[in-house]
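There are 2 protein chains.
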Amino acid sequence: MSNWDNARRGRLSRLQAGAHLAEGKRVQARDATALLEAVIRPGDRVCLEGDNQKQADLLAVALAAADNRVVRDLHMVQSGIVLPEHLDVFENGIATRLDYAYSGPQSQRIAQLLFGGKIRLGAVHTYLELFARYFVDLTPQVALIAAVSADRDGNLYTGPNTEDTPVVVEATSFKNGVVIAQVNEIVDRVPRVDIPGDRVDFVIQSDKPFFVEPLFTRDPSAITETQILTAMLAIKGIYAPYGVRRLNHGIGFNTAAIELLLPTYGERLGLKGKVAAQWALNPHPTLIPAIESGWVESVHCFGSEVGMDEYIRARPDIFFTGPDGSLRSNRAFSQTAGLYACDLFIGSTLQIDLQGHSSTVTAGRIAGFGGAPNMGSDARGRRHPSAPWLQAGLEADPDSMPALRRGRKLIVQIGETFGDKNAPTFVERLDAIALAEKLSLDLAPIMIYGDDVSHIVTEEGIANLLLCRDADEREHAIRGVAGYTAVGRGRDPRMVERLRERRVIQRPEDLGINPLDANRNMLAARSVKDLVRWSGGLYAPPARFRNW
Amino acid sequence: MSNWDNARRGRLSRLQAGAHLAEGKRVQARDATALLEAVIRPGDRVCLEGDNQKQADLLAVALAAADNRVVRDLHMVQSGIVLPEHLDVFENGIATRLDYAYSGPQSQRIAQLLFGGKIRLGAVHTYLELFARYFVDLTPQVALIAAVSADRDGNLYTGPNTEDTPVVVEATSFKNGVVIAQVNEIVDRVPRVDIPGDRVDFVIQSDKPFFVEPLFTRDPSAITETQILTAMLAIKGIYAPYGVRRLNHGIGFNTAAIELLLPTYGERLGLKGKVAAQWALNPHPTLIPAIESGWVESVHCFGSEVGMDEYIRARPDIFFTGPDGSLRSNRAFSQTAGLYACDLFIGSTLQIDLQGHSSTVTAGRIAGFGGAPNMGSDARGRRHPSAPWLQAGLEADPDSMPALRRGRKLIVQIGETFGDKNAPTFVERLDAIALAEKLSLDLAPIMIYGDDVSHIVTEEGIANLLLCRDADEREHAIRGVAGYTAVGRGRDPRMVERLRERRVIQRPEDLGINPLDANRNMLAARSVKDLVRWSGGLYAPPARFRNW
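Just so you know, the protein sequences line up as chains A and B, in that order.
Under UniProt numbering, the first sequence has 31 at position 31, and the numbering climbs by one with no breaks.
Under UniProt numbering, the second sequence has 257 at position 257, and the numbering climbs by one with no breaks.
Among the clues, some could well be false.
Remember, identical chains collapse to one label, so a pair may be satisfied in a single copy or spanning two.
Unchecked claim - SDA-like cross-link-like pairs, simulated, lysine to any residue; straight-line CA separation at most 25 Å: (1) Lys-272 / Gly-122; (2) Lys-25 / Arg-189; (3) Lys-529 / Leu-21; (4) Lys-118 / Leu-354; (5) Lys-274 / Gly-122; (6) Lys-438 / Gly-104; (7) Lys-208 / Gly-104; (8) Lys-274 / Asp-88; (9) Lys-272 / Thr-362; (10) Lys-438 / Pro-385; (11) Lys-421 / Pro-214; (12) Lys-529 / Trp-4; (13) Lys-438 / Gly-93; (14) Lys-25 / Gly-325; (15) Lys-421 / Arg-526; (16) Lys-25 / Arg-97; (17) Lys-25 / Gly-197; (18) Lys-272 / Arg-8; (19) Lys-25 / Pro-191; (20) Lys-25 / Asp-198; (21) Lys-438 / Ala-403; (22) Lys-25 / Asp-153; (23) Lys-274 / Asp-73; (24) Lys-118 / Ala-387; (25) Lys-421 / Thr-485; (26) Lys-25 / Ala-403.
Derived from the structure by calculation, the hints contain no laboratory data.
Please put together the full structure from these sequences, using the hints given.
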């Protein structure tokens, strides 16, 4: 006769092991490491909340300080590898296996640890995919999460950075796992209940607020005229003809330029209300002028952004907010919105090859994927039509029987032909492939596969890959917008001209855009200070973005 | 100067309009229609919780009884069109527009109302897609939901049928919407908090428990030997060679047969632990023998199933359960799990054409999609490898560069060549296409598109479409398993034999399966009573499944 409650009894024994450190659910910060040593078992799957922004930093430090004879062989399953401690646990022999989605600042060190064999990598995921596995084969036994405040019953208020917390807690607490939360304060009554207390086992009040990073703030003063040109091309050459109303933007300067051109260039083109109205997006400060100009109907957010809280509070018609007035973000649902309810995803990348595959991996850096593979993929399960989606589908497959024609998502790569340090964006072979070979990975870390990309935008023009009829046309469509990179110089000029005649390639002049018009006066805001002004003083940028 | 809180003020005025009917949040059942007339505004988007199982039936009746001069032009945005009242609101002139996902018992009447112009159809969605739009362009102004119990603060306990409630409430309440819950009882303290009370505005105690339908119960006594044969083929010809551990099953008898063959036939093949271990699935009673035999490691559920509550409670190592011991289901997360974390989806359909497109629409019936298009689609955003996924990818694209090779999801259609009333499953042209033309739909209601299908299983054998190299091969692979249907008889026998030599088509004998072995003695349970016995008396089937 089997036992059917091993995991539940395991949970109870963990709770008992931690109980002597707790008063009710509350544990003192100085006992954090002792709590983790008491509760975590060797080999556990642990989610140490590393979101895009919000970090359970006290718990990260506490885990990295654990005795590796007690806490060992952990399998870390978390979105972000962001803090040094997220990798210290591998160097310290506490954790050995890793499944994750995104690593910004740690991308170089994560590569070193992989090369050095300190990390056994499961996979680099897109967020929603990792969340999916929480319910199937990567369910955490312990979740270490962060919130703004807790009441005595453990009800949590996450504030605007709800992010991953609901999905992490749901997978853990309903499958016999233990949930430990760090909070900035303990209060009598939380402003709203983001996580019900019966899903939370221990609460630790931190001596300082959890770390949040302003990942989505792009200073308008750093936007170049080349980026403005690419933004004009995207608006006039893609947003307008397809009539894209529901969309997601990446976080680069090119898309920030688009946001800042909507109230100026977009207005002049008569596009207000016709494009860029409904968003799945973090609260980008550069979207403020478009919101204030009445372009934006709604924004659902993955997470929040530092400095945007008061502005969001004052715009409840636009943002999803709680009864307390602050943003309610939710990465799982916003990624779902990006996958199934948006008609366009546009973002930048570091490298694009001749098939249109793109990657942000370069030698020695494994940045991870974040949400791009999810939002930058054609959702084949989609069954609702929209004008842009049907038009893209028709371009991709004009000969199919109308009733059996599917739409296509618009997936746009935008950038300059040469990126940082003059490195060419277009390459014959992605660095990601060399990395996959070096590490013997089953899959190269491709951000977006070429067959999902619909358009590539550079300062040289737009390549519409939907209109390409074979691999050769596709290669030349890409070469045709690759400028003076080696890939661009490798073009057959006659072939490129033929593609241009068919509007597979469109130059600025083909769209009636004069590159000389692409200047910074076009931007609705030319500085962070301008953004503050647009917001009526509600936007409070972090210190490093203030130079006045 | 714009106002930025129109929606929030709208919410407050709605709450005020309903306040005179409420004591705290509580409204009497007799005042339900008056409450809806007070709170709902013409043109509102309304989600009337119609899940797969759980139904907000009191609120459905109350809405259908509303004065259509007051409550009118509603846009219904809900998963299921299940109760008669879900369509009465259209006949009564209360609602005019509809976006939905699934209609079982109402599929005939919904078609009539569409033909009659009483319904302006937005689209038929897959569940996750509709949820996605709740956060972008179909956010409800009013959600009418169902729960088991509420406390005085409006905290809700949904019991095992949590289903769609969290995602519906999140989209509504955080975007200035009004949430009205019907509950079976009001208690001092809910057994667990499924929905925090600050997201719930009004609570109505119903005079009878909400309606729940046993949609996922298949009586083993109705499983035929032909279905057993197809199940043997699937296990030995697909589950075994690919090593499928993470999966989802449809709800037909063929897949019920697979569930019942795991502890017998699967055991004999030595597959325990190697296949069918981790599931995204409703709690199918026919899975009980596999669970009791130690095949199953975990099951995450979309919703629950009538009669399974006590069994689930006693198996917390397998199911996701709450602190109260009952199942915690969640359709949004289980669909996400099905999309991104499962390697196989297998289900039945009503019609398959020569390209492998399938549909459950037949003349005069629009059943909707439910979850099949989502789980039966290749998730192109997926970035984690697994053995079955990589093997399927290699079969589909053997010539690609290894580092750029993607995996493929296994998407299997299983059924007999002739279905109900001897209607052929294989057809030259889907009825869905005729319907799309008749209603001038932008998209024909295709359940799963042929290019996503990897295998078709019938009693005649398995067609592996991944191995087909062109449309002609694909067509003959399909004809080759289409038996004595007109499509099957239209085969070129030499071509079919060539495909069989390449194992594109596999006959039972090619897999060492003797069709005469396919008999009901192979089933681990041959009746509902057997299932009860396997469960140790914990499974309590609904009366209509009890014949002893």
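Status of each hint after checking the structure:
1. Lys-272 / Gly-122: between (45 Å within a copy, 24 Å between copies)
2. Lys-25 / Arg-189: Both: 15 Å inside a chain and 19 Å across chains, each within 25 Å.
3. Lys-529 / Leu-21: Answer is neither; intra-copy 48 Å and inter-copy 50 Å both fail.
4. Lys-118 / Leu-354: neither (34 Å within a copy, 51 Å between copies)
5. Lys-274 / Gly-122: Answer is between; shortest inter-copy Cα gap is 19 Å, intra-copy 43 Å.
6. Lys-438 / Gly-104: Result: close within a single copy only, 21 Å intra versus 52 Å inter.
7. Lys-208 / Gly-104: within (23 Å within a copy, 54 Å between copies)
8. Lys-274 / Asp-88: This pair counts as neither: shortest intra-copy Cα distance 49 Å, inter-copy 35 Å.
9. Lys-272 / Thr-362: neither (39 Å within a copy, 42 Å between copies)
10. Lys-438 / Pro-385: Classified as between: cross-chain Cα gap 17 Å, same-chain 43 Å, threshold 25 Å.
11. Lys-421 / Pro-214: Close inside one copy (24 Å), not across copies (63 Å); limit 25 Å.
12. Lys-529 / Trp-4: between (61 Å within a copy, 22 Å between copies)
13. Lys-438 / Gly-93: within (24 Å within a copy, 66 Å between copies)
14. Lys-25 / Gly-325: between (28 Å within a copy, 20 Å between copies)
15. Lys-421 / Arg-526: within (24 Å within a copy, 70 Å between copies)
16. Lys-25 / Arg-97: neither (30 Å within a copy, 49 Å between copies)
17. Lys-25 / Gly-197: both (10 Å within a copy, 21 Å between copies)
18. Lys-272 / Arg-8: between (56 Å within a copy, 24 Å between copies)
19. Lys-25 / Pro-191: both (19 Å within a copy, 18 Å between copies)
20. Lys-25 / Asp-198: both (11 Å within a copy, 22 Å between copies)
21. Lys-438 / Ala-403: between (47 Å within a copy, 11 Å between copies)
22. Lys-25 / Asp-153: For Lys-25 and Asp-153, the Cα distance is within 25 Å both inside one copy (7 Å) and across copies (22 Å).
23. Lys-274 / Asp-73: Between. Shortest inter-copy distance 24 Å satisfies the 25 Å Cα cut-off; intra-copy 54 Å does not.
24. Lys-118 / Ala-387: between (50 Å within a copy, 24 Å between copies)
25. Lys-421 / Thr-485: Close inside one copy (13 Å), not across copies (65 Å); limit 25 Å.
26. Lys-25 / Ala-403: neither (59 Å within a copy, 49 Å between copies)
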